[in-house]
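**Student:** Here are the chains, one letter per residue:
Protein chains: 2
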Amino acid sequence: MNIMSPPPRKLGRIHVPAVTLAHGGGGKAMKDLIDDVFVSAFATDTPRALEDQARFDLAALAAHGDRLAFTTDSFVVDPLFFPGGDIGKLAVFGTVNDLAVGGAKPLYLSCAVVIEEGLKIEELRRVAQSMAAAARRAGVTIVTGDTKVVQRGACDKLFITTTGVGVIPAGVELAIGGIRPGDGILVNGLLGDHGAAILAARGDLALETEIESDCAPLHGLIDAVLKAAPATRTIRDATRGGIATVLNEMAEASGVAIEIDEAATPLREEVRGFCEILGLDPLYLANEGKIVLAVPPAEIQAALAAMRAHPLGACAMLVGHAHAGEQGRVTIQTAFGGKRIVDMLVGEQLPRIC
Amino acid sequence: MNIMSPPPRKLGRIHVPAVTLAHGGGGKAMKDLIDDVFVSAFATDTPRALEDQARFDLAALAAHGDRLAFTTDSFVVDPLFFPGGDIGKLAVFGTVNDLAVGGAKPLYLSCAVVIEEGLKIEELRRVAQSMAAAARRAGVTIVTGDTKVVQRGACDKLFITTTGVGVIPAGVELAIGGIRPGDGILVNGLLGDHGAAILAARGDLALETEIESDCAPLHGLIDAVLKAAPATRTIRDATRGGIATVLNEMAEASGVAIEIDEAATPLREEVRGFCEILGLDPLYLANEGKIVLAVPPAEIQAALAAMRAHPLGACAMLVGHAHAGEQGRVTIQTAFGGKRIVDMLVGEQLPRIC
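Protein chains in written order, with UniProt numbering: chain L, 1 to 354; chain W, 1 to 354.
Accuracy of the hints is not assured; some may be wrong.
The list makes no distinction among identical chains, and a pair is therefore deemed to hold if it is satisfied within one copy or across any two copies.
Straight-line C-alpha distance at most 30 Å; calculated BS3-like pairs for lysine-lysine [said to hold, decoys possible]: (1) Lys227 with Lys157; (2) Lys227 with Lys28; (3) Lys105 with Lys227; (4) Lys157 with Lys120; (5) Lys227 with Lys339; (6) Lys28 with Lys120.
Quick caveat, the hints were computed from the structure, so don't treat them as lab data. Since this is a predicted model, take the numbers as computed values, not measurements.
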């Protein structure tokens with residue numbers, strides 16, 4: 001036997017129903033948990049096993065573009081499973097989208113989990129399999145990870161932190177400070193589904209809805225937009241804090257005012273009703289598959305057409321414009337003909353939405 | 001005013017004593033928390049503010065080597081502050097070391113925090129400042145991050161996930177499967193300090209000790225060793241699970257047996273006593289500033305000399321050798337002349353040690 005090649009990996013199996021503190025000790029139980037739950041789910045996607053440290057050839061990365069993009073997010077959503085998704089899918093697509101909105105091609109993810117003692121192995125397995133399926137769909141590989149277990153009561157079931165690496169093609173220059181008066185403000189579809197779905201799934205509202213999270217990987221859609229409208233100024237995903245927060249960040253960073261038109265803001269009838277009952281403003285509801293774009297006037301129609309031709313942009317709309325009004329001010333033209341300020345959210349609308 | 005350049009950043013200030021759910025909402029309160037606590041701590045280190053997505057020139061990365069290294073770790077240590085360190089220092093040095101043991105030059109870190117509602121802003125500030133100081137000492141930059149807040153009881157005070165990017169110089173080839181019979185097994189100093197310090201700091205043992213965590217950045221030491229002993233087979237940091245776990249992983253991956261000598265294993269007298277009282281085996285105690293190296297016979301002395309010339313390797317020792325015995329078997333020659341098997345830890349010795 002060639003001692004340079006490691007012996008074939010014996011995958012450990014777990015025969016207990018729930019995670020115990022032993023699974024976080026760094027020893028054999030942890031290795032078995034990682035092998036059984038994570039390696040077996042992720043390894044179908046990739047020839048490489050999960051490594052302590054992943055390594056990539058820099059020359060191969062440079063074939064995709066000239067800049068490395070790097071972004072991280074922790075996911076603490078409650079409940080773990082909800083209509084349209086689960087924490088694993090969210091953790092993969094969330095970071096894929098954070099890469100994509102900067103114009104990067106998403107390539108590799110790391111995955112660090114903090115598990116509460118007592119979490120059912122079966123639930124953890126479902127989450128890992130969902131992550132694997134999401135990574136396949138998004139064309140990224142989960143290459144490295146970490147597992148910690150904390151005692152009962154020291155965390156709520158499961159938190160996942162994903163960090164992503166991607167490459168930005170030469171010539172792609174998206175910058176939140178680049179919006180100019182006259183630019184169109186576009187969204188790729190119906191707003192607020194994720195926030196409404198999570199809130200309904202918590203079950204303490206006794207509201208029955210059919211609303212599903214819009215959780216989806218947006219790099220394909222963004223690719224299509226950037227091909228059709230290469231002068232696009234900036235793209236942001238409207239997650240926590242909704243499009244209201246993104247619009248405020250855009251207006252502030254670019255020193256412009258932004259006005260949107262309520263009548264042009266795409267909203268599902270159920271979400272509108274849901275918000276009315278609960279007194280919520282749908283502009284602040286979280287999305288997990290929606291982007292806000294600022295596009296110069298000459299390319300607005302091309303960007304809209306490209307989005308509408310993509311399955312994740314069928315309901316794309318031009319919702320407003322940047323203008324040379326008070327810097328950082330966002331307003332909405334209401335359906336009744338009035339106008340009101342859309343401020344940055346000061347407090348918290350919905351905790352643990354992602 | 002040039003509308004292409006964003007207006008000067010107004011740093012928000014926080015006037016409440018503790019973190020609230022509003023600080024995790026994605027809105028103004030969160031921005032103020034991030035500005036006040038994290039940006040103000042990290043920004044002294046770096047001309048760039050913390051970005052949603054950090055970007056690096058691939059050509060500049062390639063000046064350091066030919067492969068990108070990528071690694072992640074969550075830190076859930078309890079208590080947050082302990083003799084010799086805190087969760088922030090640990091989170092920076094832990095990921096710096098995970099990069100360094102693969103031979104990479106550590107460059108950039110991301111930092112994702114999950115905060116329990118009610119954590120004192122002052123404690124968070126201390127942690128952020130400790131991270132900034134640790135990053136300065138290790139020569140890395142914290143370039144991007146994420147903040148989540150969960151309700152009281154949904155996590156224990158603070159968890160931090162750091163993910164690191166580094167570059168491996170051309171020609172550096174460390175692989176855990178590369179150990180051959182005859183190779184020396186070296187460590188850079190006294191074992192078990194971190195585990196003993198944390199356990200004592202929990203205060204439920206009523207043991208008074210002077211032991212401090214050995215938490216330190218090891219890339220400088222590793223650099224020195226690789227210069228002196230370029231044929232070094234592999235390096236691992238002996239964190240959770242101690243050197244016993246690392247030795248088992250090395251023996252298994254390389255298909256060799258490893259025998260260490262108890263008399264040559266460097267241990268602080270207080271740690272030895274501490275372990276005797278508690279019935280712990282110091283070989284399984286966590287370290288945060290210790291590496292285990294496998295070095296071919298011709299370079300053992302050079303590696304030892306290089307470590308001993310470095311402040312973090314003054315107590316370096318040759319603790320044992322690989323041999324052609326039963327594959328994957330680790331044994332220890334005890335001080336009394338006997339021999340016993342050093343197995344992989346099956347359960348959990350100490351939860352939340354890192």
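**Student:** Does each hint hold? Answer for all of them.
**Tutor:** Outcome of the hint check:
1. Taking the shortest Cα distances, Lys227 and Lys157 never come within 30 Å of each other, neither inside one copy (42 Å) nor across copies (46 Å).
2. Proximity of Lys227 and Lys28 under a CA criterion of 30 Å is satisfied in neither setting, with 50 Å inside one chain copy and 34 Å between copies.
3. Taking the shortest alpha-carbon separations for Lys105 and Lys227, only the intra-copy value of 14 Å comes in at or below 30 Å, while the best inter-copy value is 36 Å.
4. With identical chains, the CA atoms of Lys157 and Lys120 are at most 30 Å apart both within one copy (9 Å) and between copies (24 Å).
5. Proximity of Lys227 to Lys339 under the C-alpha cut-off of 30 Å is found in neither arrangement, the shortest distances being 35 Å within a copy and 68 Å between copies.
6. Taking the closest pair of Cα atoms, Lys28 and Lys120 come within 30 Å of each other only inside a single copy of the chain (19 Å); across copies the shortest separation is 37 Å, beyond that limit.
The structure is inconsistent with the numbered hints 1, 2 and 5, although it conforms to all the rest.
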